[in-house]
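K.L.:
Starting from the given sequences, assemble the full structure and let the hints guide the process.
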Amino acid sequence: MATFELYRRSTIGMCLTETLDEMVQSGTLSPELAIQVLVQFDKSMTEALESQVKTKVSIKGHLHTYRFCDNVWTFILQDAMFKSDDRQENVSRVKIVACDSKLLTQ
Amino acid sequence: MGTTTTTSAVYIHVIEDVVNKVREEFINNGGPGESVLSELQGIWETKMMQAGVLNGPIERSSAQKPTPGGPLTHDLNVPYEGTEEYETPTAEMLFPPTPLQTPLPTPLPGTADNSSMYNIPTGSSDYTTPGTENGVNLDVKGRPSPYMPPPSPWANPRLDVNVAYVDGRDEPERGNSNQQFTQDLFVPSSGKRKRDDSSGHYQNGGSIPQQDGASDTIPKANFECYALRITSVGDRKVPRDFFCSSSKIPQVDGPMPDPYDEMLSTPNIYSYQGPSEDFNEARTPAPNEIQTSTPVTVQNNIVEDDEELLNEDDDDDELDDLESGEDMNTQHLVLAQFDKVTRTKSRWKCNLKDGIMHINDKDILFNKATGEFDF
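In order, the protein sequences belong to chains A and B.
Okay, so the first sequence: first residue is 1 according to the UniProt record's numbering, each after it adds one.
Okay, so the second sequence: first residue is 1 according to the UniProt record's numbering, each after it adds one.
Treat the hints as calculated values from the structure; they're not laboratory data.
Because the structure is a prediction, the values reported are computed rather than measured.
Possibly wrong hints are sitting among the right ones.
Unchecked claim - Under the rule of at most 30 Å between Cα atoms (straight-line distance), these lysine-lysine pairs were calculated in the DSSO-like manner: (1) B:K368 / B:K349; (2) B:K349 / A:K95; (3) A:K43 / B:K353; (4) A:K83 / A:K54; (5) B:K353 / A:K83; (6) A:K43 / A:K54; (7) A:K56 / B:K345; (8) A:K54 / B:K349; (9) A:K56 / A:K102; (10) B:K21 / A:K56; (11) B:K349 / A:K43; (12) B:K21 / A:K60; (13) B:K349 / A:K60; (14) B:K340 / B:K362; (15) A:K43 / B:K345; (16) A:K95 / B:K368; (17) A:K95 / A:K56; (18) B:K362 / B:K349; (19) A:K83 / B:K21; (20) A:K83 / B:K340; (21) A:K83 / B:K368.
Claimed, not checked - FRET-style restraints, in silico, Cβ to Cβ: (22) B:E25 / A:Q88: 34 to 44 Å; (23) B:G30 / A:K56: 38 to 48 Å; (24) A:G27 / B:R347: 50 to 60 Å.
From the three backbone atoms N, C-alpha and C, an ideal C-beta is built for every residue, glycine too.
P.N.:
See below:
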């Protein structure tokens with residue numbers, strides 16, 4: 001089953017990647033096992049986002065760049081505003097990477 | 001599931017889920033074992049705490065133990081003690097008192113010699129002394145010791161920076177040099193060593209070591225031109241009285257001092273001139289112009305190299321940062337899946353789901369997101 005590796009770029013994903021890199025470097029862990037861990041992370045993260053998170057967010061901003069390649073949308077927004085239930089965040093520049101959700105459920 | 005599942009709680013759940021799912025791989029089939037798995041979890045959680053996305057203490061059944069980990073990364077990645085409460089590692093944690101572990105970047109060769117000179121330079125202290133006895137010098141390995149070695153001999157502060165040919169760093173400097181220049185102007189050429197008082201290291205022979213750091217040397221250049229009223233200096237056309245364009249005049253208030261000085265420093269150059277083409281208001285030696293036309297351009301190129309170093313801001317920093325930041329640590333990032341992306345003229349709409357946002361140093365997770373963008 002294919003997984004979205006995109007969550008590896010998140011904070012939690014990067015921490016895991018760094019940890020695994022260190023352990024592979026020191027020989028504590030084999031690279032194959034490290035990859036297995038990452039794949040499992042992809043699955044667990046996706047599942048957790050589906051089941052555990054209930055937040056809804058609205059995004060508004062000026063679209064500076066858009067790209068659609070390999071079924072991945074990449075947007076770069078400027079002066080974006082993220083609004084959720086209880087808070088609002090404003091950023092001058094943000095990058096949005098989105099994979100096609102239909103690919104996972106094939 | 002609780003209604004207020006914080007981001008940290010979700011992360012903890014993910015970590016535990018991953019660890020539990022891979023435990024089988026670790027234990028069976030000759031895997032590394034449970035201890036390695038625990039170490040993985042420990043380091044992962046530590047990093048997340050350091051990143052500020054995970055809030056300790058972590059409540060779970062298994063108590064976290066500080067696993068030794070690699071010898072080199074021992075103290076840095078794993079909390080010093082059980083993570084009852086995460087604290088910023090103190091100096092003692094990160095740099096244990098024993099001066100054996102910390103790998104120093106470059107141990108100075110012959111530290112003994114250095115120590116004799118400087119009473120233990122910063123970096124090589126652990127080789128010469130245990131470090132603990134000297135106290136002040138070696139508080140903690142890897143940290144700059146409070147004791148600063150005296151300036152290197154080559155940076156002799158006694159040197160009078162008034163050695164003129166300097167890139168007019170200081171105004172008063174230049175003022176002084178001006179005075180000196182005027183004196184020199186009326187003296188025949190060849191080795192104006194009037195600078196003896198100003199530079200202690202003035203030596204005969206063409207090149208004088210730079211002491212002030214600028215690319216200047218003593219004006220060994222011969223003053224064949226006695227045009228003393230050269231008004232333009234460097235790229236400027238500021239009229240200056242008694243301001244000879246000889247090498248002695250630092251004249252550098254503009255961005256092109258160097259080539260001028262470099263040119264003059266070369267003993268081969270007999271005709272001194274202003275480095276720029278636009279210099280030429282009152283130039284007596286006409287033939288010199290022709291001769292130095294080529295070297296001037298060469299020098300200009302050199303100057304431009306220096307200028308390029310200085311003109312780093314010519315590029316549009318905003319755009320560059322945008323692009324360079326994409327690959328590196330992007331400040332604000334949203335990772336999600338999209339259900340639908342549509343566009344009407346310049347109005348874009350998208351439906352996202354299951355996303356992780358990292359904006360304003362915060363991690364926010366969402367189940368659904370709607371976006372409206374104007375292109």
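K.L.:
Any of the earlier hints contradicted here, and which numbers?
P.N.:
12, 15, 19
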